[in-house]
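Residue-level listing of the chains:
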Amino acid sequence: DAGVIQSPRHEVTEMGQEVTLRCKPISGHNSLFWYRQTMMRGLELLIYFNNNVPIDDSGMPEDRFSAKMPNASFSTLKIQPSEPRDSAVYFCASSFPYNEQFFGPGTRLTVL
Amino acid sequence: EDQVTQSPEALRLQEGESSSLNCSYTVSGLRGLFWYRQDPGKGPEFLFTLYSAGEEKEKERLKATLTKKESFLHITAPKPEDSATYLCAGLMNSGGYQKVTFGTGTKLQVIP
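If you read the sequences in order, they're chains X and V.
With the working numbering as the guide, the letters of the first sequence map in order to residues 1 to 112.
With the working numbering as the guide, the letters of the second sequence map in order to residues 1001 to 1112.
Hints were generated in silico from the structure; no laboratory data involved.
Worth double-checking, as some hints may not be accurate.
To be verified - Pairs of lysine to aspartate or glutamate, EDC-like flavour, derived with a Cα cap of 16 angstroms:
#1 V:1099 - X:57
#2 V:1059 - V:1070
#3 V:1107 - V:1082
#4 V:1042 - V:1015
#5 V:1079 - V:1017
#6 V:1099 - X:56
#7 V:1057 - X:100
#8 V:1079 - V:1039
#9 V:1099 - X:44
#10 V:1107 - V:1002
#11 V:1079 - V:1001
#12 V:1042 - V:1081
#13 V:1099 - V:1015
#14 V:1099 - X:100
#15 V:1107 - V:1039
Isolated chain V (complex conformation):
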């Protein structure tokens, strides 16, 4: 069964304290790995797509990386406005159509 698991469930950081969020996946034929940010009361907002092991993408204080088994979202010197829930999702081909499986998310709180 295709699974996407995120850890930790929750993370509390001091402002400026760098850390990483983990997304491990067991899916057959991964076509891509998505990262989203979700603020309370809003829909998930797209951040990155990673397509192959070794790929990295950056946006401001965020950097996403991908290996054959997991993806990391590195947060460098976070600020309070980075507080949100971060979701990852695996994209695969299922019977000729796309299938996306979301993890349950990591709730990040950055304290001033």
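So here's chain X without its partners, still in its complex pose:
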């Protein structure tokens, strides 16, 4: 298996623009997680899906953030409008329930 795939790997955008991050989980995994990592706050869980259904979105910072999982092999995290404070590395991870998570390589987002 290729592991968790994320795209793009790097994204530079201007404040106010829409940003869409994409994730393909490991085939067969039915839990998917979106995290944000910064030096100040470490690794923060944004949202967690189980069988394509959002279970816990309490970590989503505000209404500017939204996530979807239309099928078992694809998820998106959208930020609209983006702000400089959204600059961070965003990770997607997948797992079987109650098992270790496998992380993607991350998307480094810079909002100017």
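Add chain V to chain X, keeping to what the hints say.
Just chain V, lined up with the frame of chain X:
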């Protein structure tokens, strides 16, 4: 509130100088404790899962142990390639679904 705390924040070792990293947790109903390694610019890489107090797991120079309050990652005779940030995470059941809480990590530097 479920919490996972890692110490020290940073650790600098000479090559061959053994040491331990600590992960203390206050979570209700711990189902498992994960250890990850993260290299700069990459996603966390899974190392170990520990499920019950007294359990130990080993991989090369690393050994992870678990008690009812904390976990240790012992590094024996480290080499420069062991330099990385080590993250631990507690897995628990929350409302019938899994919840994972990450610590902020220990940044390990091994000097030749």
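We went through each hint and held it up to the structure:
For the hint linking residue 1099 of chain V to residue 57 of chain X, the alpha-carbon distance of about 12 angstroms falls within 16 angstroms, and the restraint holds. Annotation: proposed proximity of residue 1059 of chain V to residue 1070 of chain V is violated, straight-line Cα distance about 19 angstroms (limit 16 angstroms). Among the hinted pairs, residue 1107 of chain V with residue 1082 of chain V is consistent with the structure: their alpha-carbon atoms are about 10 angstroms apart, no more than 16 angstroms. For the given pair, residue 1042 of chain V sits about 23 angstroms from residue 1015 of chain V by alpha-carbon distance, which is inconsistent with the 16 angstroms threshold.
Restraint check for residue 1079 of chain V and residue 1017 of chain V: the C-alpha separation of about 9 angstroms stays at or below 16 angstroms, so the hint holds. The straight-line distance between the Cα atoms of residue 1099 of chain V and residue 56 of chain X is roughly 9 angstroms, inside the 16 angstroms bound, and the hint therefore holds. Of the pairs offered as hints, the one joining residue 1057 of chain V and residue 100 of chain X holds, with about 15 angstroms between alpha carbons and a cut-off of 16 angstroms not exceeded. For the suggested pair residue 1079 of chain V and residue 1039 of chain V, the alpha carbons sit about 15 angstroms apart, so the restraint of at most 16 angstroms is met.
A threshold of 16 angstroms between alpha carbons decides the hint, and for residue 1099 of chain V with residue 44 of chain X the separation of about 12 angstroms falls inside it, so the pair holds. Proposed proximity of residue 1107 of chain V and residue 1002 of chain V is contradicted: the alpha carbons are some 23 angstroms apart, above 16 angstroms. For the hint linking residue 1079 of chain V to residue 1001 of chain V, the alpha-carbon distance of about 37 angstroms lies beyond 16 angstroms, and the restraint is violated. Among the hinted pairs, residue 1042 of chain V with residue 1081 of chain V is consistent with the structure: their alpha-carbon atoms are about 15 angstroms apart, no more than 16 angstroms.
Using a Cα cut-off of 16 angstroms, the hinted pair residue 1099 of chain V and residue 1015 of chain V is violated, with the two alpha carbons roughly 37 angstroms apart. Under the criterion of a C-alpha separation no larger than 16 angstroms, the hint pairing residue 1099 of chain V with residue 100 of chain X is consistent with the structure, at around 12 angstroms. The straight-line distance between the Cα atoms of residue 1107 of chain V and residue 1039 of chain V is roughly 10 angstroms, inside the 16 angstroms bound, and the hint therefore holds.
When held up to the earlier numbered hints, the structure conflicts with 2, 4, 10, 11, 13 and fits the remainder.
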